[in-house]
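Undergrad: Next come the chains, spelled out residue by residue.
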Amino acid sequence: EAGVAQSPRYKIIEKRQSVAFWCNPISGHATLYWYQQILGQGPKLLIQFQNNGVVDDSQLPKDRFSAERLKGVDSTLKIQPAKLEDSAVYLCASSDGGVAGEKLFFGSGTQLSVL
Amino acid sequence: SQQGEEDPQALSIQEGENATMNCSYKTSINNLQWYRQNSGRGLVHLILIRSNEREKHSGRLRVTLDTSKKSSSLLITASRAADTASYFCATAGGYQKVTFGIGTKLQVIP
Numbered sequence: 046e047a048g049v050a051q052s053p054r055y056k057i058i059e060k061r062q063s064v065a066f067w068c069n070p071i072s073g074h075a076t077l078y079w080y081q082q083i084l085g086q087g088p089k090l091l092i093q094f095q096n097n098g099v100v101d102d103s104q105l106p107k108d109r110f111s112a113e114r115l116k117g118v119d120s121t122l123k124i125q126p127a128k129l130e131d132s133a134v135y136l137c138a139s140s141d142g143g144v145a146g147e148k149l150f151f152g153s154g155t156q157l158s159v160l
Numbered sequence: 198s199q200q201g202e203e204d205p206q207a208l209s210i211q212e213g214e215n216a217t218m219n220c221s222y223k224t225s226i227n228n229l230q231w232y233r234q235n236s237g238r239g240l241v242h243l244i245l246i247r248s249n250e251r252e253k254h255s256g257r258l259r260v261t262l263d264t265s266k267k268s269s270s271l272l273i274t275a276s277r278a279a280d281t282a283s284y285f286c287a288t289a290g291g292y293q294k295v296t297f298g299i300g301t302k303l304q305v306i307p
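Sequence lines, in order, name chains A and B. Residue 53 in the working numbering sits at position 8 of the first sequence; the count goes up by one each step and never skips. Residue 224 in the working numbering sits at position 27 of the second sequence; the count goes up by one each step and never skips.
Honestly, the hints are just simulated from the structure, not real lab data. Built from N, CA and C at the ideal position, the CB exists for glycine as well. There's no promise every hint is true.
Said to hold, decoys possible - Looking from chain A toward chain B, a few residues come up when the C-beta cut is under 7 Å (computed):
{"hint": "1", "residue": "Thr76"}
{"hint": "2", "residue": "Leu149"}
{"hint": "3", "residue": "Gly154"}
Claimed, not checked - Here are the simulated DSS-like pairs of lysine-lysine, each with C-alpha atoms no more than 27 Å apart in a straight line:
{"hint": "4", "chain 1": "A", "residue 1": "Lys89", "chain 2": "B", "residue 2": "Lys267"}
{"hint": "5", "chain 1": "A", "residue 1": "Lys89", "chain 2": "B", "residue 2": "Lys266"}
{"hint": "6", "chain 1": "B", "residue 1": "Lys294", "chain 2": "B", "residue 2": "Lys223"}
Work out the full structure, taking the sequences as your base and the hints as a guide.
TA: Here is the structure:
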């Protein structure tokens with residue numbers, strides 16, 4: 046089966062610019078996650094969708110970050126305006142759900158550098 | 198916020214030796230998972246242990262879970278150079294929220 050697709054693979058922008066990342070989860074996976082991974086740290090959950098509804102966005106900096114999941118499939122994560130501290134790898138993951146939480150399948154990530 | 202905390206943060210061993218990584222967490226969980234991340238790549242799921250299980254095996258991997266101590270350990274037996282990677286524990290709570298620890302960086306020297 047096809048894995049989680051993310052694009053772009055790399056992005057370099059200047060601070061105060063905007064950027065968008067795209068994710069296509071595994072077909073049929075109801076749950077989609079966006080994580081931010083700063084170099085040397087573990088992934089930090091930004092937002093979690095169940096179909097096209099938000100389950101958890103408690104750690105999403107909502108003054109600059111936004112995310113949507115139209116029709117419960119693809120998702121985009123946007124940063125506007127970007128700050129230097131947003132430099133990180135942005136990982137998308139999906140799972141086929143279940144009450145207890147099952148294993149996550151990750152994309153290759155988008156490495157963002159903010160100059 | 199990070200739920201799990203791995204120990205040690207870095208580990209260097211010789212090929213053929215066993216590697217043990219520990220994870221402690223703070224809140225109740227439905228299950229605990231371990232993932233591997235090779236440099237610059239996405240995370241790969243290794244093994245999942247449910248809150249009512251105490252031990253699980255998968256190939257050269259052995260995971261234990263002690264819910265009374267809120268801790269887990271991952272043992273990799275007969276390590277290989279290809280096992281060099283970062284290893285993360287992740288806890289799954291309500292609503293399928295999956296929270297990762299800070300990771301253990303494992304280096305296996307040939």
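Undergrad: Is the Cα-Cα distance between Lys89 of chain A and Lys266 of chain B 27 Å or less?
TA: OK: Lys89 of chain A and Lys266 of chain B at ~24 Å, within 27 Å.
Undergrad: Would you check the hint for Lys294 of chain B and Lys223 of chain B, treating anything up to 27 Å between C-alpha atoms as holding?
TA: OK: Lys294 of chain B and Lys223 of chain B at ~14 Å, within 27 Å.
Undergrad: Checking hints one by one. Is Leu149 of chain A an interface residue toward chain B, by the C-beta closer than 7 Å rule?
TA: holds, 6 Å
Undergrad: Close enough to count: is the Cβ of Thr76 of chain A nearer than 7 Å to one in chain B?
TA: Nearest chain B Cβ about 5 Å off; hint holds.
Undergrad: Please verify that hint: Gly154 of chain A, Cβ, nearest Cβ of chain B, below 7 Å or not.
TA: holds, 5 Å
Undergrad: For the pair we were handed, Lys89 of chain A and Lys267 of chain B, check the Cα-Cα distance against 27 Å.
TA: holds, 20 Å
Taken one by one, the earlier hints all hold for this structure without exception.
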